[in-house]
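Two independent chains are provided; combine them into the complex using the hints.
These protein sequence lines are chains A and B, in that order. Using the numbering used here, you'd call the opening residue of the first sequence number 1 and step up by one each time. Using the numbering used here, you'd call the opening residue of the second sequence number 1 and step up by one each time.
Bear in mind the hints are in silico, worked out from the structure with no lab data behind them. As the structure is a computational prediction, the values presented were derived from the model and not from experiment. A virtual CB, placed ideally from N, CA and C, is assigned to each residue, including glycine. Incorrect hints may appear among the rest.
To be verified - Simulated restraints on C-beta separations: (1) B/11 with A/29: 54 to 60 Å; (2) A/110 with B/11: 35 to 41 Å; (3) B/119 with A/100: 43 to 49 Å; (4) B/10 with A/130: 30 to 36 Å; (5) B/70 with A/68: 55 to 61 Å.
Claimed, not checked - Covered stretches of chain B, as calculated for chain A (at least 3 residues, CB under 8 Å): (6) 17–31; (7) 105–114.
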Amino acid sequence: MSLFSIFNVAGSGMSAQSQRLNVVASNLANADSATSSTGQVYRAKQVVFSAVPVSGTDATGVQVEQVVEDKSPPRLKYDPQNPLADGKGYVDMPNVNVVEEMVNMISASRSYQTNVDMMNAAKTMLQKTLTLGQ
Amino acid sequence: MMGPVDSNMNFQEVALRLREQRQQVLASNIANADTPGYKARDFNFNQALAAALGQTGGNAMNMAQTASGHMQGINDTSTGVALQYRNPQQNTVNGNTVDLDTERNQFTDNALSYEASLTMVTMHFKKMLAAIQG
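Extracted from the complex, chain B is given alone in its bound form (with noise of 0.2 Å):
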């Protein structure tokens, strides 16, 4: 019924939801920065947001069928997303590869990130309300 109302908002949501994931990611790696042999990982906000979207909206990630007889293949993106390990800038002795720079950067840059897309969903409140009360 509010189709471009909901839409905006399902964006969103998908967006924050996404922000929350890598902002956990982040913590663990910040989190265990002085483990010997722990690999940082992380994950592309914006492959994920893409890919998320896709699925939510349809047919986006799924497998190309070019012939009649090939399966249909299963979109598993709902586990959530694929993380990745860091290429480490710098060998340490222990075989961790935190960069506590690079993490914190990253942690207080998801966090702003997050802020804002929280910030938007409050502006569209408003805008919607603007617009029922006139």
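Bound conformation, chain A alone (with noise of 0.2 Å):
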């Protein structure tokens, strides 16, 4: 049944997307985490996904192939007060984009739900043909 690798293909959708969510989250609220565990500035990460064949079928789902942290600089805010600032009285800060963050988070949320509503069509599509000549 064709039917039922579509429950694979969204659920590899909605864990896919879900992971997103769970970066832009990681990433929004770090936002002015000068460090961190390591010692380092904190630095915006993002998932990268790539298109996996589901076997034996036409079927295409997606997982998240890695997290790549942004390398872009981290971001200067003159503080002198604080404990972790450079000789000039700099202050290392994350360099998480919140308007880019906020962009992402909706556009996660949003392919979640449609794999959501895709599930939920295929789910009427067997229950129907479960019914089939009554």
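Written as structure tokens, this is what we have:
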């Protein structure tokens, strides 16, 4: 039944999108974390999606291939009172772009919803098939 | 033995199978709406249905033999339908060609057509039952 593989495809989409949402949450929560457990300034993280074929079918699922760190330089903030400030009074702040993350968040949640709708449609189709001839 | 009844059922069975397969392809497109470099795929349902019916009916998709030395050729439509890439309506930066609106339209349309086919089968059963019971 091809309809069952739709559950796999939509499920892979949902888990990939929720992981993306997770990363967005992490970025937004740490938008002002000047230091971290490694002693370095927090760097924005982004997920990279890749398509994976579902074996034995034409279907293609999606997975998070890797989580990459944003390589752009940290934002400098003038704050001489901060214990982390350098000789000139500047503190390295995370390179999180809050506007970009909000856009990312909306996009991820919309895509997640679409995948849920898709799963519901497949479920309805299967249920209708089960009551065939009644 | 039951010629006309059987052929009608065969038609609906082939149609349902192709609708299922198309649903799965469209689900893959929607799940990969954010995957960089993913190319949206689909197939022409009418052509696929005609090909599948021709195949089960006998000789429709075979190569024409116009001379005695011609080989028969292998009619390899049994492995499924040929998927085609969708023409993108607008370009994206990451090379993805999924247009979510188009895909959702097609997905809903295909689901409705699937249910329509199912209803046809159910009606067919009811018709036969009425004929038997009088």
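**OP:** Would you pick out the hints that fail for this structure and give their numbers low to high?
**Re:** Number 4 - this is the single hint that the structure violates.
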